[in-house]
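**Student:** Here is what each chain is made of, one letter per residue.
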Amino acid sequence: MPASNAKTSSATNLLERDLTLTRVFDAPRELIFQAWTEPEHLKRWWGPRGFTAPTCEVDLRVGGTWKIVMRFPDGVNEHTMQAVYREIVPPEHLSFTNTALDKDGTRLLEGLTTITLEDLGGKTKLTMYTRMTGLVSYSDRMLDGMEPGWSQTLERLGEALAEWSKS
Amino acid sequence: MTTPDHLSATFAALADPTRRAILARLATGEASVTQLAEPFEMSMPAISKHLKVLERAHLIGRGREAQWRPCRLEAAPLKDISDWIDHYRQFWEQSFDRLDDYLRELKARDSAAQKPRAKDKKHARKQRKN
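From first to last, the protein sequence lines stand for chains A and B.
Count the first sequence with the numbering used here and you get residues 1 to 167, in order.
Count the second sequence with the numbering used here and you get residues 1 to 130, in order.
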């Protein structure tokens with residue numbers, strides 16, 4: 001994975017989190033915008049390797065919905081993302097509210113996501129900002145078999161809790 | 001890893017600001033029920049009730065050794081609850097990896113599609129000559 005141009009940051013709250021990801025793609029932003037907004041393209045890259053996207057429906061207009069089903073490598077388990085478009089500015093900006101549901105329709109998390117595409121002369125810098133709230137037992141079931149590689153010290157946990165209890 | 005049910009209990013226990021404040025206090029070290037009650041305008045039974053919820057969610061442990069039964073923070077369920085955002089991050093990072101591959105594929109297909117078009121042009125020139 002080209003970790004060099006993938007930067008991440010997250011806020012301290014444990015249930016409501018900010019996440020910013022950036023990635024530079026060697027493609028013009030028109031193409032990337034298309035890849036984000038056309039079902040046949042979306043199905044080809046949505047989800048980690050081994051996952052598939054059997055269903056994708058896009059109604060690309062403000063207030064329109066976007067639904068994509070992600071099937072797990074076991075071929076059985078599925079998660080669905082349902083989104084409603086808030087802003088559509090081709091080829092530079094896309095924002096939507098999104099909800100992730102498990103196979104039983106239980107809401108796992110919801111949030112607001114903004115995608116910004118910046119032209120770097122042929123290449124494109126994609127910035128994804130998302131503010132998500134974990135709703136229920138959004139657990140290790142989600143992406144089974146992936147190593148989170150995450151470690152949190154008790155000190156940092158204490159800081160996070162102190163910050164959070166102020167709000 | 002705790003089970004999803006445990007995780008729901010953790011979410012429920014964390015939903016209350018008093019309980020979060022208690023956990024923040026315990027992150028600095030063990031404390032007695034009396035010490036924990038100090039910052040709050042709350043009766044001891046009310047505090048005890050909050051502690052029971054936290055104990056059931058395995059967020060705190062109570063000492064058996066001393067009569068004052070000190071409370072201490074149990075970090076494991078909090079780590080689990082924090083993992084969800086990490087899973088989410090991983091979801092996007094790995095999707096972006098695939099998007100990167102897919103865009104390469106599209107570009108390769110596009111340049112392959114341009115070659116026959118160049119041929120067409122030649123063909124068109126030939127036709128004009130004729």
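Keep in mind that the hints were calculated from the coordinates and are not lab data.
Hints may be right or wrong, so weigh each one.
What the hints assert, rightly or not - Covered stretches of chain A (chain B as the covering partner; in silico rule of three or more C-beta atoms under 8 Å from a C-beta of chain B):
| hint | segment |
| --- | --- |
| 1 | 23-29 |
| 2 | 45-51 |
Stated by the list, open to error - Here are the simulated SDA-like cross-link-like pairs (lysine to any residue), alpha carbons at most 20 Å apart as the crow flies:
| hint | chain 1 | residue 1 | chain 2 | residue 2 |
| --- | --- | --- | --- | --- |
| 3 | A | K125 | B | P45 |
| 4 | A | K67 | B | F96 |
| 5 | A | K123 | B | D97 |
| 6 | A | K67 | A | E110 |
| 7 | A | K125 | B | A75 |
| 8 | A | K43 | B | F96 |
Said to hold, decoys possible - Covered stretches of chain B (chain A as the covering partner; in silico rule of three or more C-beta atoms under 8 Å from a C-beta of chain A):
| hint | segment |
| --- | --- |
| 9 | 44-55 |
| 10 | 101-114 |
Even for Gly, the Cβ is constructed at its ideal location relative to N, Cα and C.
**Student:** Evaluate each hint against the coordinates.
**Tutor:** For each hint, the structure was consulted:
no., hint, in the structure
1, 23-29, "holds (count 4)"
2, 45-51, "holds (count 5)"
3, A:K125 with B:P45, "56 Å, violated"
4, A:K67 with B:F96, "18 Å, holds"
5, A:K123 with B:D97, "15 Å, holds"
6, A:K67 with A:E110, "14 Å, holds"
7, A:K125 with B:A75, "38 Å, violated"
8, A:K43 with B:F96, "13 Å, holds"
9, 44-55, "violated (count 0)"
10, 101-114, "holds (count 6)"
Hints 3, 7, 9 from the list above are not met by this structure, while the remaining hints are.
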